Amino acid sequence: MIIVNLDVMMAKRKISLNELSKKTGITTTNLSILKTNKAKAIRFSTLELICSVLNCQPADILEYKEGKNG
Amino acid sequence: MKKSFIAKVMSVLLVIMLIMGIVCLFFLPNLYNYFKDSFVSKFQDQSTLYQVAFFTCYIICLVIVFKLTKLFHIIYKDSPFRKEIESSLKIMAILFMSLSLIVIIKAIFIPTLLSFVVSLLCFLIALSFYVLASVIKVAIEYKNEVDLTI
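Chains as they are written, first to last, in my numbering: chain D, 1 to 70; chain Y, 1001 to 1150.
The shape of chain Y in the complex, shown without the other chains (with noise of 0.2 Å):
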């Protein structure tokens, strides 16, 4: 099978942003002290709701990060008709789902515009991750079945 170019690129720039991701990690709170200052007043009366749910979505970020450079490692160097290609998108929808909903119950105590639509398009893109999942199911029975044809 052809190697993906594009899959290849992909991998290499989500190896580096998983690295500065983890780099990240550990300066998480000087950076969020660093933030804290422009946040308007209505966010510091709500500071620990706010501080958990950014931790909350940091680290459910980093976790997608990771997935995806898993899942274009194996497109890269495999094909994408395979089960552990259908559960990454599957863990990746849960993920993106529960992304949607922190900053939706966030958005309830502080609501801004921008965490609706932030929100909607978590719930868009978990929904999108899902169908791409059934579908990879799907593609992976036909594969088989052309496979096992002789």
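Isolated chain D, as found in the complex (with noise of 0.2 Å):
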């Protein structure tokens, strides 16, 4: 399955939800779902945008673990 680092990239960037909300164009409602894992497909265009913002790489934020999706 897909996990979304979302928020440890946050920690690392000491950067709020809002913040990122407000610097992305990203409604906190999306973000949240990013950031709890229930999204089940990130466009290419919100993974620049994100990535374009935290100043990070896709693979910071996305990461492969084995098990069963959903």
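Possibly wrong hints are sitting among the right ones.
To be verified - Derived, one-sided and incomplete: chain D residues facing chain Y with beta-carbon distance under 10 Å:
| id | residue |
| --- | --- |
| 1 | Lys-22 |
| 2 | Lys-23 |
| 3 | Gly-25 |
| 4 | Ile-26 |
| 5 | Asn-30 |
| 6 | Ile-33 |
| 7 | Leu-34 |
| 8 | Lys-38 |
| 9 | Ala-41 |
| 10 | Thr-46 |
| 11 | Val-53 |
| 12 | Leu-62 |
To be verified - The calculated DSBU-like cross-link candidates involving lysine-lysine, where the alpha carbons are at most 30 Å apart (straight line), are:
| id | chain 1 | residue 1 | chain 2 | residue 2 |
| --- | --- | --- | --- | --- |
| 13 | Y | Lys-1083 | Y | Lys-1008 |
| 14 | Y | Lys-1008 | D | Lys-40 |
| 15 | D | Lys-38 | Y | Lys-1008 |
| 16 | D | Lys-35 | Y | Lys-1008 |
| 17 | Y | Lys-1143 | D | Lys-65 |
| 18 | D | Lys-38 | Y | Lys-1083 |
| 19 | D | Lys-40 | Y | Lys-1143 |
| 20 | Y | Lys-1143 | D | Lys-22 |
| 21 | D | Lys-35 | Y | Lys-1143 |
These are calculated hints, taken from the structure and not from any lab test. Predicted model, so just to flag it, every value in this text is computed and none were measured. Glycine included, every Cβ here is placed at the ideal spot set by N, Cα and C.
With the hints as a guide, dock the two chains, each given alone in a separate frame, to form the complex.
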């Protein structure tokens, strides 16, 4: 399964959910869905926005772990 | 989401139908007695069977109208892609199927062309509702996936 490590990156960059939301233009609801690993898919454009604001690589946010999806 | 005007009109019409149906429920024996004189002699020989079929079908129809009222209310207030809609459609499919069964059983004892036509019609409506429920189920899955795509 794919794990979203958005909370880890946010903690590393010392940025809050509201701040990230304002900088990326993604709603806090959607960021919260991403943070809690409830998202089913992520668009490249969303990933690009998050990576540009957090100044990181997609691999820093996404991680593959063996296990059942969902 | 844009609210559907047709759903609102249908919802109001169905509420009126439901109220009229409930009011008529209290006068059902009177209505039955009023109309039974116009039945042909074959009906009067099997009047108990006809009475049971008539009252059961009436109750089932009332439940269908109630379910339709709820369904259109949900469509007007929210969206058609909800679990309640799917389950409502499935329940209505079962109700129409039972209507079809009752009418066909009645038609075995009191065969009329109209009974067979009504039974077939109810069977087809039941199938349509079941297909629609399956389509809604798939649509809900797709909607959830789209909603959770960030």
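Hint check:
A hinted interface residue such as D:Lys-22 counts as satisfied when its beta carbon comes closer than 10 Å to some beta carbon of chain Y; here the least separation is about 16 Å, so the hint is violated. For the restraint placing D:Lys-23 at the interface with chain Y, the shortest Cβ-Cβ distance is roughly 16 Å, beyond the 10 Å limit, so the hint is violated. Interface hint at D:Gly-25: violated, since its Cβ lies 12 Å from the closest Cβ of chain Y, which is beyond the 10 Å cut-off. Evaluation of the D:Ile-26 hint against chain Y yields a held restraint, the C-beta minimum of about 7 Å falling below 10 Å.
Against a cut-off of 10 Å between C-beta atoms, the interface hint on D:Asn-30 holds, since the closest Cβ of chain Y lies about 5 Å away. Satisfaction of the interface hint for D:Ile-33 is found here, the shortest Cβ-Cβ separation to chain Y being roughly 6 Å, below the 10 Å cut-off. For the restraint placing D:Leu-34 at the interface with chain Y, the shortest Cβ-Cβ distance is roughly 5 Å, inside the 10 Å limit, so the hint holds. The closest approach between the C-beta of D:Lys-38 and any C-beta of chain Y is roughly 6 Å, which is under the 10 Å cut-off, so the hint is satisfied.
A hinted interface residue such as D:Ala-41 counts as satisfied when its beta carbon comes closer than 10 Å to some beta carbon of chain Y; here the least separation is about 4 Å, so the hint holds. Interface hint at D:Thr-46: satisfied, since its Cβ lies 5 Å from the closest Cβ of chain Y, which is below the 10 Å cut-off. With a cut of 10 Å, the hint placing D:Val-53 at the interface with chain Y is violated, because the nearest CB-to-CB distance is about 14 Å. For D:Leu-62, the interface hint is violated, the least distance from its beta-carbon to any beta-carbon of chain Y being 12 Å, above 10 Å.
With a C-alpha separation of about 20 Å, the suggested pairing of Y:Lys-1083 with Y:Lys-1008 holds against the 30 Å cut-off. Our distance criterion of 30 Å between C-alpha atoms is broken by Y:Lys-1008 and D:Lys-40, whose separation comes to about 34 Å. Taking the CA atoms of D:Lys-38 and Y:Lys-1008, the gap is about 35 Å. The hint is violated against a cut of 30 Å. A C-alpha spacing of about 39 Å is found between D:Lys-35 and Y:Lys-1008, which places the hinted pair above 30 Å, so the restraint is violated.
Taken as a hint, the Y:Lys-1143 and D:Lys-65 pair is honoured in the structure, with Cα atoms around 27 Å apart against an allowance of 30 Å. For the hint pairing D:Lys-38 with Y:Lys-1083, the CA-to-CA distance comes to about 19 Å; that is within 30 Å, so the pair holds. Of the supplied pair hints, the one linking D:Lys-40 and Y:Lys-1143 holds, its CA atoms being roughly 11 Å apart against a limit of 30 Å. At roughly 26 Å between alpha-carbon atoms, Y:Lys-1143 and D:Lys-22 fall within 30 Å of each other, so this suggested pair holds.
Distance hint between D:Lys-35 and Y:Lys-1143 is fulfilled; the C-alpha atoms sit about 21 Å from each other, no more than 30 Å.
Comparing the model with each earlier hint shows violations of hints 1, 2, 3, 11, 12, 14, 15, 16; every other hint is respected.
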